[in-house]
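Undergrad: Read off the chains here:
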Amino acid sequence: MLKLLRKIVQTGRVTGTVPLDAGPRPSLLLNAAHPLRGSVQIRQVDAGSCNGCETEFAAAFGPVYDVERFGVRLVASPRHADALVVTGPVTRNMAVPLVKTFEATPGPKLVIALGDCARDCGVFAGGYGVAGSVADVVPVDVEIPGCPPTPDDIVASLRRVVGR
Amino acid sequence: MSPTGIAVAVLQVVLSIASAPFLVGMMRLIRARLEGRVGAPIRQPWRDLRKLFRKERMVSTNTSIVFSLAPLVLLASAALVAGIVPFLSTTSALDQVGDLFAVVYLLLLGTVFLSLAGLDAGTAFGGMGSSREMTIAAIAEPTLLVAIFALSVSTGSSNLGAIVADTLAHPSRAASPASMLAFSALAVVTIAETGRIPVDNPSTHLELTMIHEAMILEYSGPDLALVELAAHLRLVVFLGLLANLFFPWGIATTAQPLHLVAAAGAVAVKLIVLAAVIAVIEVFIAKVRLFRVPELLAASFVLAFLAVTVSFFLV
Amino acid sequence: MIGGALALAAGAALFAIAVGAVLPVRQRVVWVGLFTALCAGAGGVAAAAVLAGGNTFTADFPDLFPLGGVRIEFDALSAIFVLATAVVAVPAAIYGIGYSARGPSSRPAQVAWPLLVWGVMMVPAAGNVTGLIAFWELMALSSFVLVLAEHHHNPEARTAAQWYASMTHLSLLTIVLALAVLAHQAGGDSFTAIRAGTDHIGPTTATVVFLLSLVGFGAKAGVAPLHVWLPRAHPEAPSHVSALMSGAMVALGVYGLIRVGWDLLGGGPTWWGATVLAVGLVSAMFGILHALISSDLKRLLAYSTTENMGLVFIGVGAAGMFASSGNQPLASVALAASMLLVVNHAAFKGLLFLGAGSILSATGTRDLDRLGGLARRMPVTAATFAVGSLAIAALPPLNGFVSEWLLLQSLVHSLPSNAAVVAVAMPVAVAVVALTGGLAAATFVKAFGTTFLALPRTVEADQAHESPRTMQIGLIALAGVCVALALAPTALAAPLQRVSLAVGGLADGRPIHTNGVYLQLSGIEAGLSPLLLATGLAVMMVAVLVVVRRGRLRRTVRDIPAWGCGRTVQTARMEYTATSFAEPLQRVFDDVLHPEIDIDVDHRTESRHYVQAIRYRMHIRDGFEHRLYLPVLSVVRRWGDGARRVQNGSIHRYLAYSLITLIVVLVVSR
Amino acid sequence: MTSPAVPDRADSVIDADVADLGVNFTYLSSAGYRLALVAAHHDLADDKQPATIRVVYVMVAGPPDTRVEIHVRLPIDAPDLPSLADVSFTAGRFEREMQDLFGIHLTGHHQPARLVLHQHWPDGWYPMRHDAGPPPSFDNETESYPFLTVEGPGVYEIPVGPVHAGIIEPGHFRFSVVGETILNVKARLWFVHKGIERLFEGRRPQGGVELAERISGDSAVGHNLTYCLAVENAAACTPPHEAQVIRAILLEFERIYNHVTDLGAMGNDVGFGIAHAHTMRIREQLLRLNARITGHRLLRGGVVPGGALVDWLPDATTLHEIRADVHQVVDIMLANATVVDRFTGTAVLVKDDATQIGTLGYVARASGLDIDARRDHPFADLYEHLSVPILTDGDVMSRFKIRVAEIDCSIELIVELLQRVLPGDYRSAFDPLDGPRHGVGLVEGWRGTIAHRIELDTHGNLSRVKIVDPSFFNWPALPVALAGDTIVPDFPLANKSFNLSYAGNDL
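Protein chains in written order, with the numbering used here: chain A, 319 to 482; chain B, 96 to 410; chain C, 12 to 681; chain D, 76 to 582.
Heads up, a few of these hints could be off.
[Claimed, not checked] Taking beta-carbon pairs under 10 Å as the criterion, some of the chain C residues facing chain B (in silico):
| no. | residue |
| --- | --- |
| 1 | 384 |
| 2 | 420 |
| 3 | 422 |
| 4 | 642 |
[Unchecked claim] Straight line, CA to CA, 25 Å or less: simulated DMTMM-like cross-link-like pairs of lysine to aspartate or glutamate:
| no. | chain 1 | residue 1 | chain 2 | residue 2 |
| --- | --- | --- | --- | --- |
| 5 | A | 325 | D | 406 |
| 6 | D | 426 | C | 611 |
| 7 | A | 325 | D | 400 |
| 8 | A | 321 | D | 359 |
| 9 | A | 325 | D | 416 |
| 10 | D | 123 | D | 560 |
| 11 | A | 321 | D | 140 |
| 12 | D | 426 | D | 140 |
| 13 | A | 321 | D | 400 |
| 14 | A | 325 | D | 560 |
| 15 | D | 261 | C | 609 |
| 16 | A | 321 | D | 406 |
| 17 | D | 426 | C | 380 |
| 18 | D | 123 | D | 226 |
| 19 | D | 476 | D | 396 |
| 20 | D | 261 | D | 285 |
| 21 | A | 427 | C | 380 |
| 22 | D | 261 | C | 611 |
| 23 | A | 321 | D | 396 |
| 24 | A | 427 | B | 390 |
| 25 | D | 261 | C | 380 |
| 26 | D | 261 | C | 570 |
| 27 | A | 325 | D | 396 |
| 28 | D | 261 | D | 560 |
| 29 | A | 325 | D | 483 |
| 30 | A | 321 | D | 416 |
[As the list claims (entries may be wrong)] A few chain C positions that, by computed beta-carbon distances, are all more than 10 Å from chain D:
| no. | residue |
| --- | --- |
| 31 | 390 |
| 32 | 590 |
| 33 | 605 |
| 34 | 646 |
The set of hints was computed from the structure by calculation and includes no laboratory data.
Note that the Cβ used here is the ideal one computed from N, Cα and C, for glycine as well.
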């Protein structure tokens with residue numbers, strides 16, 4: 319107990335790289351009256367990634383980047399989600415699950431293609447098990463380039479979506 | 096059943112509902128800060144709810160009317176309890192409508208409906224959540240009722256207004272062993288019934304470990320908003336019960352607006368303190384293994400039982 | 012008027028018996044059903060008249076039997092039990108028309124059914140020992156025939172009947188002994204004479220009589236450990252018969268105990284009440300735990316009857332304890348709680364058994380793990396079963412909650428008391444009532460959820476259709492009774508006072524004050540308004556709906572398969588089963604239930620990492636049956652073939668035994 | 076039947092007749108060799124021989140590092156392979172993989188169901204054959220994997236995945252359960268099967284690096300190093316000693332950041348979120364070090380065929396601070412009675428099972444198996460002082476503590492190696508020789524021993540790359556560890572304690 323308390327006090331605030339006082343940014347996607355402004359719940363779908371994008375996506379929700387402070391939260395069910403974050407080239411085995419996840423998400427909803435593989439299959443283009451990029455399977459609204467994108471990029475893109 | 100009484104009851108319901116998401120937002124913020132994060136603003140849960148109300152409503156195939164009915168019953172039962180429990184004033188019109196037992200069974204009614212909804216879609220997760228929820232609810236029941244027993248022994252009544260008035264009249268009773276034992280017992284049950292650590296993890300993303308979350312995996316949009324709001328409201332109701340049954344000071348004994356404002360301030364402070372304490376404790380403890388939960392509740396039952404025996408032998 | 016109604020009841024019963032024996036099968040079930048309903052309805056009217064007016068009715072039939080006359084004495088205590096019987100019997104009889112058309116339409120069954128209804132109604136009306144025992148045996152014999160009504164289809168019915176016959180005889184034997192001793196000591200056969208003569212009875216005799224009647228009536232009430240016949244016999248009987256047996260017949264055990272212990276004997280020392288309370292606590296816990304883990308719907312309901320009779324015993328026992336410690340007002344509250352529970356139980360247990368019968372006749376199974384998805388296929392059954400489930404789980408705003416609340420109030424306000432035994436017993440009782448309530452909620456979430464919700468688990472469940480109109484009428488009527496009792500229990504305030512006044516040895520005074528909306532207890536500062544609670548809930552629900560609609564609720568509702576993690580097609584195999592639902596609680600109570608679990612894993616001989624098959628088996632035996640009865644029975648069996656010849660399962664022989672017993676009884680009681 | 080050849084030196088090849096396969100395999104197994112890799116190859120017809128399917132079994136032992144290959148040739152029109160499933164559980168799984176991808180017909184296999192290719196993939200299309208052609212049309216609605224049905228009243232199935240609730244890679248788990256008691260679990264993987272092995276083919280060896288670094292994103296160094304070692308092995312190229320030191324340092328950095336993440340993630344799975352927050356903070360610190368070391372947060376770009384290069388290396392003080400930080404978090408976790416209770420005795424993998432299944436890495440070492448490729452198959456003389464921590468309980472707690480011990484070992488190792496090298500670019504000219512060649516790489520990645528076997532064609536281009544992530548060996552151990560008396564809500568914790576790779580397994 320005391321050890322943990324000491325650790326908490328010593329550690330203090332970790333979050334910090336993204337300037338908080340940057341003020342609300344205009345959303346490039348959603349107008350001010352859009353239902354999703356200020357609150358976007360995310361269901362992440364790994365459609366064939368090498369797990370690199372997952373590492374960085376998880377970091378964005380870690381204490382250092384803390385994207386949750388902008389009203390972005392991970393949720394367990396697509397029924398609770400507003401946006402799908404899809405990583406990897408879509409494999410033949412994940413195409414149907416991805417579509418089903420998309421269908422299971424109530425509107426209005428967004429699809430965010432995270433990473434180069436999600437955008438254009440990256441180095442995996444042409445693999446016999448690859449069905450295509452995310453946009454080939456479900457309509458994509460936002461793309462975040464990078465292999466993998468840095469947490470800073472991810473946070474910036476998500477802020478653009480949520481408008482804060 | 097006077098008009099002012101009804102007005103007070105309605106005011107309680109409205110204020111509880113309005114403040115519940117903020118309380119949850121505050122608890123999330125405290126956890127974030129202790130984890131070194133900035134965290135979402137306190138009003139974030141309201142934002143989330145507002146958004147959900149504007150989203151598409153999806154109903155799973157194979158479900159029955161229970162699926163649509165459960166969020167309503169869950170929220171209505173919690174709201175009714177918010178009207179009965181003396182938060183602001185002991186003059187609530189609903190005080191004679193139901194006593195503490197009625198409150199407990201009304202909350203159980205909500206639990207039962209949510210559990211049925213969990214079974215309704217026929218998914219393994221929903222059933223799992225229902226089964227776990229009913230297990231915990233069933234085992235928590237003895238603690239709840241025996242703790243009420245302890246409270247009503249000294250007061251001679253299980254009416255909420257009477258218990259509050261009695262504690263106000265005899266402040267020393269709040270510090271009596273019986274009262275403290277009963278408080279501890281109810282605190283444990285509160286944590287179990289509101290799905291907090293160490294019983295359930297409100298922020299988990301693991302379907303197989305969930306209790307509350309597993310039952311509501313099928314809900315979306317407005318239905319989900321109702322369920323979430325009800326969950327927030329139940330937290331307020333349980334914490335409010337704990338606060339005002341054991342520390343009723345500040346509550347209005349009339350329905351005068353000024354007194355009510357002061358009472359609202361007092362109950363707000365109490366709720367914030369209790370919620371903050373829970374939020375801080377949650378950071379320091381882990382979730383116990385599912386089959387240790389009954390042990391935890393058994394321990395709380397022993398506390399409640401001791402409270403009754405103590406009040407018998409020490410009164 | 013009371014006499015007329017009782018005469019009408021008898022006439023209707025006789026007519027029903029006659030048509031049951033004479034008419035061809037199609038007309039038979041209709042006329043028997045209608046006249047049985049008339050019989051029960053007439054009895055109900057008589058009971059209502061007694062309860063409303065406070066009169067009693069007495070009539071003598073001195074030469075009815077060659078060896079003894081029968082006296083009818085209809086007071087408020089009788090009336091409340093007759094009322095409970097009528098509550099379940101009228102809908103059950105109408106329901107029976109549709110149900111029998113597909114099931115027990117044989118002549119014996121159709122003759123026995125009105126006999127049973129009439130018998131159950133007349134037991135509390137009996138005013139002397141001979142009458143009580145005659146009607147008791149009439150009830151036992153006719154119910155025995157009905158338990159066997161479907162034995163052609165079901166071999167388990169025979170085992171059930173054996174248990175039933177044995178326990179009924181044990182019950183009868185002890186009751187006869189108790190009453191014979193009582194009548195002999197008091198110097199009279201009629202209850203009036205016995206009451207007058209109790210002064211001559213010494214404490215030892217009184218204790219013996221009390222204990223004998225506790226065993227005899229306890230066995231009928233199905234309280235542990237005398238319950239073993241109940242979870243066997245009630246499921247095997249045709250469902251409308253189960254409804255009457257579980258809803259009303261078992262309650263006569265309570266009636267007998269109160270009548271003998273606290274009316275005829277005039278009450279006794281505190282430990283009488285404490286014993287009854289203890290029996291109640293054990294029964295309530297034991298019953299609900301076994302109901303929880305049962306996946307046979309009717310067996311679940313039968314065990315739940317043991318639980319509910321346990322709760323009634325807790326109330327009666329507490330009343331006895333309060334009465335003997337001089338707290339008459341509280342005793343009357345406890346008694347009122349018990350009596351209200353008897354009436355409520357008749358309504359919701361009757362309803363649930365009728366619902367179970369509806370499911371059984373639609374799907375051919377009572378196994379919860381083979382049901383599912385019936386809410387869409389059988390909406391009336393589902394809605395009424397839901398009412399029954401919420402009621403039996405004691406959830407507001409339904410009727411079960413009111414009696415539970417009364418019971419809790421009587422237990423909680425026992426303190427401060429000067430008796431240490433009360434101080435220890437009452438918290439335990441509250442805890443047991445609470446745990447029972449919680450487990451009952453879990454049990455009926457399981458029962459309703461696995462039966463009616465989600466996907467059907469078998470083809471039979473998938474192809475189920477709603478039951479015929481007559482059965483629906485029965486269901487709706489009983490659901491209506493539940494709702495009426497829930498919203499206006501205040502109507503029973505005055506009758507309950509009359510009941511407690513009728514039991515002089517137990518309670519007096521006025522348990523419940525009411526202005527029609529609020530229930531107030533005498534001497535206790537506690538209030539409840541079931542009507543306003545229900546109104547409040549409804550108002551809140553409407554308010555939420557209105558607000559949500561205002562909040563720009565998008566009206567688009569998308570119908571979509573349940574979330575299956577992106578891949579799986581949902582099948583019934585992925586639904587939680589009843590066994591699974593109860594498994595966590597079963598694990599919590601492992602020490603009490605002692606489940607026997609086998610997991611067989613077949614490996615390839617070459618490598619145990621190639622598994623061919625896995626089989627799972629779990630069996631939970633009735634602890635009392637397993638550890639108390641079976642050892643005794645095996646000793647008995649070792650006595651020789653003589654015993655086996657008695658127990659050879661021939662139904663005719665059982666009937667003969669019963670008849671002989673009846674004659675012996677009549678001789679003895681003379 | 077010939078008597079088995081006795082290998083007395085590293086990298087010997089036994090060209091066995093199909094009939095002698097079993098004898099050779101059992102002989103090597105009894106001599107202490109373990110099966111590291113099985114690869115099938117589609118050899119096209121040329122003027123010397125007709126088209127065949129060549130199956131290569133790589134058996135390894137160490138120390139001293141010894142590798143033996145058994146080569147078996149099957150005619151393309153009747154590729155019947157006698158199954159070794161009875162003697163080696165792992166071999167049975169490799170065989171099913173080859174059955175799916177190469178169309179090998181197995182004889183004597185007990186469960187020859189599809190492994191890699193899901194049920195909706197067309198029959199008779201073997202994507203790894205050179206003449207496979209473009210994929211035919213897929214029937215996307217079929218789903219009929221033959222899950223074992225557990226018999227008994229009240230048994231139901233929990234289907235989980237492939238889309239999970241957290242940030243988890245896709246896989247499908249089918250639990251047969253009564254209430255909370257797990258009776259049987261089956262993991263259905265290969266959802267992210269992209270066909271990486273095929274993508275290597277035809278590239279220059281240098282061109283395989285970008286793929287090797289993306290086999291499993293969290294094992295960029297491990298897989299790429301293995302790949303480079305295999306290529307260098309084939310090309311008979313020896314990189315500079317400094318490059319080997321840097322490779323060893325990078326390998327340990329990868330181990331540390333992944334182990335640290337797992338420690339907190341296991342805390343998170345028992346609702347102890349604060350531990351997760353702290354390990355995520357430490358991980359970010361480590362990933363930023365990574366970014367300075369190689370220019371990439373996941374340590375990509377540091378290892379290349381023929382050498383290694385880094386921009387910068389941290390000093391020992393930084394590492395000691397991180398180590399102290401990690402230990403504070405670990406102490407906090409182990410001081411929490413609930414955490415200890417949840418970890419202890421959960422999902423026990425006994426040594427016997429761990430051995431039979433052929434587990435590797437920390438999973439094996441937590442169950443008492445003394446196995447570590449850094450010591451058993453060192454790629455350079457750098458590991459003389461390496462002590463391999465071993466724990467014996469096989470529960471979640473052991474898998475937790477073994478990670479802590481390995482973090483300590485790694486930091487000690489890095490501190491020691493830092494004295495031998497300065498940051499810089501250490502590359503020898505890598506020029507693959509012509510002519511068919513093959514090479515094997517074995518590296519102790521953070522999850523366990525990674526094995527690659529590559530073949531170069533006459534032009535020095537890659538003609539076949541076989542990749543084996545330790546997860547391929549470890550996946551079957553997870554259901555076995557759960558089969559005891561694990562309850563459903565403990566599964567995520569058990570799964571996290573194994574933390575197996577889906578991408579590395581599925582390829």
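Undergrad: Taking only the CA atoms, is the gap from residue 325/A to residue 396/D under or equal to 25 Å?
TA: Holds - the C-alpha atoms of residue 396/D and residue 325/A are around 14 Å apart, at most 25 Å.
Undergrad: Do the alpha carbons of residue 261/D and residue 285/D lie within 25 Å of each other, as the hint requires?
TA: It is violated: about 33 Å lies between the C-alpha atoms, which goes past 25 Å.
Undergrad: Holds or violated: the hint that residue 642/C contacts chain B, with Cβ atoms closer than 10 Å.
TA: Violated - the Cβ of residue 642/C stays beyond 10 Å from chain B, reaching only about 31 Å at its closest.
Undergrad: Is residue 261/D within 25 Å of residue 570/C, Cα to Cα?
TA: violated, 31 Å
Undergrad: Under the criterion that the straight-line Cα-Cα distance not exceed 25 Å, is the pair residue 123/D, residue 560/D satisfied?
TA: Answer violated: residue 123/D to residue 560/D is near 58 Å, above 25 Å.
Undergrad: CA of residue 321/A to CA of residue 416/D, is that 25 Å or under?
TA: holds, 19 Å
Undergrad: If you draw a straight line from the CA of residue 325/A to the CA of residue 416/D, is it 25 Å or shorter?
TA: Measuring from Cα to Cα gives roughly 22 Å; hence the hint holds.
Undergrad: Non-interface claim for residue 590/C: all C-beta distances to chain D beyond 10 Å?
TA: violated, 2 Å
Undergrad: Under 10 Å is the threshold here; is the Cβ of residue 422/C close enough to any Cβ of chain B for the hint to stand?
TA: holds, 8 Å
Undergrad: Take a quick look at whether residue 426/D and residue 611/C sit within 25 Å of each other, Cα to Cα.
TA: Holds, because 23 Å separates the two Cα atoms, which is no more than 25 Å.
Undergrad: Tell me if the straight-line CA distance from residue 427/A to residue 390/B falls inside 25 Å.
TA: Roughly 44 Å separates the two Cα atoms, so the pair is violated.
Undergrad: Are the Cα positions of residue 325/A and residue 400/D separated by 25 Å at most?
TA: holds, 9 Å
When each numbered hint is compared with the structure, violations occur for hints 4, 10, 11, 14, 17, 18, 20, 21, 24, 26, 32.
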